[in-house]
Amino acid sequence: MFFRWALGIFMVLHGLVHLWYLTLSQGLVEFEAEMGWTGRSWLFSAFLGDAAMRWLATALFAVATMGFVAGGLGLVAQQEWWEPVTIVTAAISVVTILLFWDGGMQMLVQKGLIGFLIDIAILLVLVFR
Numbered sequence: 013m014f015f016r017w018a019l020g021i022f023m024v025l026h027g028l029v030h031l032w033y034l035t036l037s038q039g040l041v042e043f044e045a046e047m048g049w050t051g052r053s054w055l056f057s058a059f060l061g062d063a064a065m066r067w068l069a070t071a072l073f074a075v076a077t078m079g080f081v082a083g084g085l086g087l088v089a090q091q092e093w094w095e096p097v098t099i100v101t102a103a104i105s106v107v108t109i110l111l112f113w114d115g116g117m118q119m120l121v122q123k124g125l126i127g128f129l130i131d132i133a134i135l136l137v138l139v140f141r
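Note that this note's numbering has the sequence shown beginning at 13, numbered continuously upward.
None of these hints come from the bench; they were simulated from the model. Among these hints, one or two may not hold up.
[Said to hold, decoys possible] Label-pair ranges, simulated between beta-carbon atoms:
| id | residue 1 | residue 2 | range |
| --- | --- | --- | --- |
| 1 | Phe15 | Asp114 | 32 to 38 Å |
| 2 | Leu129 | Glu95 | 32 to 38 Å |
| 3 | Val139 | Ala18 | 18 to 24 Å |
| 4 | Ala63 | Leu129 | 26 to 32 Å |
| 5 | Phe15 | Gly39 | 35 to 41 Å |
| 6 | Pro96 | Glu44 | 23 to 29 Å |
| 7 | Ala45 | Leu111 | 20 to 26 Å |
| 8 | Ala74 | Arg141 | 26 to 32 Å |
| 9 | Arg141 | Leu55 | 29 to 35 Å |
| 10 | Glu44 | Ala18 | 32 to 38 Å |
In this text the structure is predicted, and so the values were computed from the model without any measurement. Ideal placement from N, C-alpha and C gives every residue a C-beta, glycine not left out.
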């Protein structure tokens with residue numbers, strides 16, 4: 013029971029971290045270099061334009077937030093659907109982090125490296141157990 017609660021709370025908190033990137037994508041705080049994500053995408057910035065790219069980032073980070081919160085709460089509540097929700101959400105988060113990476117190798121932790129690794133670990137554990 014403790015492990016289920018601890019993992020569920022961890023997943024909810026992991027989901028809430030995605031709100032930071034949503035905040036950055038909407039420009040709700042003034043950008044500073046130490047924040048990590050520059051608001052640019054190695055893939056989308058060149059042809060989507062900043063406004064459309066930021067709205068796409070906002071939507072995907074919001075989905076990741078809601079999915080991890082739902083998955084964590086579903087795990088705690090022992091719902092059968094928590095696993096597929098969490099797998100899909102972790103995959104969305106991985107893809108979102110990769111797509112909205114600015115291509116730079118500086119400050120990878122602030123750009124989502126730890127979240128990316130957590131997502132990969134979640135996928136590996138849930139898909140291959």
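Do the hints match the structure? See the list:
In this structure, Phe15 and Asp114 meet the distance hint of 32 to 38 Å, their C-beta atoms being roughly 37 Å apart. Taking 32 to 38 Å as the suggested C-beta distance range, the pair Leu129 and Glu95 does not conform, at roughly 20 Å. Range check, Val139 to Ala18: Cβ separation about 21 Å, and the 18 to 24 Å hint holds. The hint said 26 to 32 Å for the Cβ distance between Ala63 and Leu129, and at roughly 30 Å that hint holds.
Between Phe15 and Gly39 the beta carbons are some 39 Å apart, a value that agrees with the proposed interval 35 to 41 Å. For the pair Pro96 and Glu44, the beta carbons lie near 38 Å from each other, so the given range of 23 to 29 Å is not met. In this structure, Ala45 and Leu111 meet the distance hint of 20 to 26 Å, their C-beta atoms being roughly 21 Å apart. Hint check: Ala74 to Arg141, Cβ distance near 28 Å, so the stated range 26 to 32 Å holds.
Evaluation of the 29 to 35 Å hint for Arg141 and Leu55 yields a pass: the beta carbon distance comes to about 32 Å. Taking the beta carbon of each, Glu44 and Ala18 are about 33 Å apart, inside 32 to 38 Å as hinted.
In summary, the structure is inconsistent with hints 2 and 6 from the numbered list given earlier, while agreeing with the others.
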